[in-house]
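Trainee: Here the protein sequences line up with chains X and S, keeping their order. Per the UniProt record's numbering, numbering through the first sequence is continuous, rising by one, with the last residue being 269. Per the UniProt record's numbering, numbering through the second sequence is continuous, rising by one, with the last residue being 434.
Please keep in mind that the hints were generated in silico from the structure rather than gathered at the bench. Take the hints with a grain of salt, since some may be wrong.
Claimed, not checked - Derived Cβ-Cβ restraints for the label pairs, each shown as a range:
id : chain 1 : residue 1 : chain 2 : residue 2 : range
1  : X       : Met-1     : S       : Arg-76    : 46 to 56 Å
2  : X       : Arg-66    : S       : His-103   : 33 to 43 Å
3  : X       : Glu-42    : S       : Met-49    : 48 to 58 Å
Values in this document were obtained by computation on a predicted structure and should not be read as measured data. Every residue, glycine too, gets a C-beta built ideally from N, C-alpha and C.
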Amino acid sequence: MDAVSRNNVKVTGPVDGPVVMLAHGFGCDQNMWRLVVPQLVEHFRVVLFDYVGSGNADPSAWNRERYSSLEGYADDVLEICDQLDLTDVVFVGHSVSAMVGVLAAARRPHRFAKLIMVAPSPCYIDDPATGYTGGFTAGDIDELLESLDSNYLGWSGAMAPVIMGNPDRPELGQELTNSFCATDPVMASVFAHTTFHSDSRADLASVAVPTLVLECSQDVIAPREAGAFVHAAIPGSRLVTLDATGHCPQLSAPQATGTAIMEFAGAAR
Amino acid sequence: MCGTADGEHERETGHDSVEEAERAQFSALLEDSAEDLYEHAPCGYLSTMLDGQIAKVNTTLLDWLGYTRDQLVGRRRFADLLTVGGKLYHETHFAPLLAMQGHLSGIALELRAADGSRLPVLVTSTVKTGSDGQPLLIRTTLFDARDRRAYEQELLRARKSAEQAQSQAETAHQEAETERARLQQVVAILQKSLLPPQLPQVPGLDAASYYHPASVDEIGGDFYDLFALAGGRWGFFLGDVCGKGPEAASATSLIRYTLRAAFLADSDPVQALATVHAALHERYAGEDPRYCTAIAGTLTPRPDGIAVTLAGGGHPSALLLRADGTAEFLPTPGGTLVGILPRPHFSTAHTLLGPGDTMLLYTDGLTEARTQAGPRYSEEDLHTFAAALAPAGAAATINALQGLLESFGAGLDDDTALLALGVPAANTIEGAAG
């Protein structure tokens, strides 16, 4: 199995630089990192990829069962690491990928040196029984899935050949408005289900590598309570709150996000 | 001329004044447009800072939402106007795409009005950049999409029910396939029960048989058997019940066991067929009549070979392949169908199978098969085939006929049973095959 081509892996930066692996969350693909990559490639070997079911990963490799659990996404990460034989990886996971990083590091501890969790939430749904605040109710998550469905109609069948990679029809790429983050609606729906119904709170205690929690000051998806929970659950972790609005600081505050990643990734272990 | 000129002048003046009035009217419209078009356009306008903070909003949108300008400008972000699902979609899809592409169009979202009601809209946003290319603010237009959303929801509902129907159809198809496989298994087992599992070893006789079912889904009505009688004699029969399926199978079973029992009571083949006739007549009286054609007979070993006595009831004649390389039919003329006529008649025939002689019994699946060339195979064709084949032992005869049947391909559309009984040639050793 060729994980590198399956997951559309792109490796840039100095060959001997420390490895930083950037993992996108639900909703987009490796393009999410495009504003911080120029900063990082000066010092780091940067590994970018798309999860199967997102971006330009091979859609034929997708199956519902595997990608209905975060372990399936961790499999993608580990299979890339194994194929490239990456060690001392600084894994930067955005949103749900922060929890994918926790699972991956627990399964192959020798490959991972540090975790950087960007806008993480271990559980999106409130849990009144334990007083946990995720910010959403189960009904809210259903609404998101409805929103996905509503915009399914905007996702035209013409997108499919582009996602599949269709070099003999280059005109398709130009006709499309949203050429970034194009996703098959069925796969996106499964990823959304998996993401927003996940509960990784119990996994956090397993984290044994230095960890940075990078949260945004105003994040609709990952509230400050979630960041505080992660920070408290991972002993010795650092919590940095970026003065950024929204759930994607790598887009809304790329400079500050890049700097925070560089400082933590480059710092002596 | 003056008068004319004046008249023309007047007319010109009149023309000018009409034009001026139109121009004034038009310019009044134009003067009104910029501000008024913005405020009362048939769509909502929204300008936000890059972090989503609302900087400017038009009256149309305020009216839709039921907010005052002061409640929104500088106080709320665009995402605050969305339903929770919309907020999640905004954060995971809308905002990232807008940041990357600088524009985004036709996104379906729902606004939450001041009174809590929902307003489906189609949203288009563009990032306005300064002269240095740096993004400054986001301009957004929102179109009322209530009707369109209702229509789209119908489409989604239709898609979902189509998907559901398809998956149900697939499940049903799979179940049907499983059921069919199970039925075929039952048919195969039942079919086997109507035929001897293997032919018995008869001293001084080679026997071989072949059965070709026309369908794996239906039990055929052809049958045959070879079994020991008292006094070193043997009984045999081969026949064809009209029809297919469970009823034919049930009749076949009745015929088979009646024939065997009749032979044990009285080894006269005519009497055996008469007993079957009576059984069929009694069993199927009044309802859906069942009948068959059959040849039944006895084999009596003699020093010079095996003596054959057989009786025929409406069945194709047995075919003899002689050791001298000739072939001949052994007719039982006048034999009637078994089980249908009030007074049946079965006629008898006798022959002696010497060393190297083989007797072939067959059903009309063979002689009525459609040949590749078009016309049906016939008894004459079979005779020609047998004459070319003779002399041949039982197994060789069955093998050759099996090849012939296969050459018919799809033309072989009925069940076909073959039974060959032969006395080994003096110097050949041929085991019984089945």
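Trainee: Identify every previously stated hint that the structure contradicts and give their numbers, smallest first.
Mentor: 3
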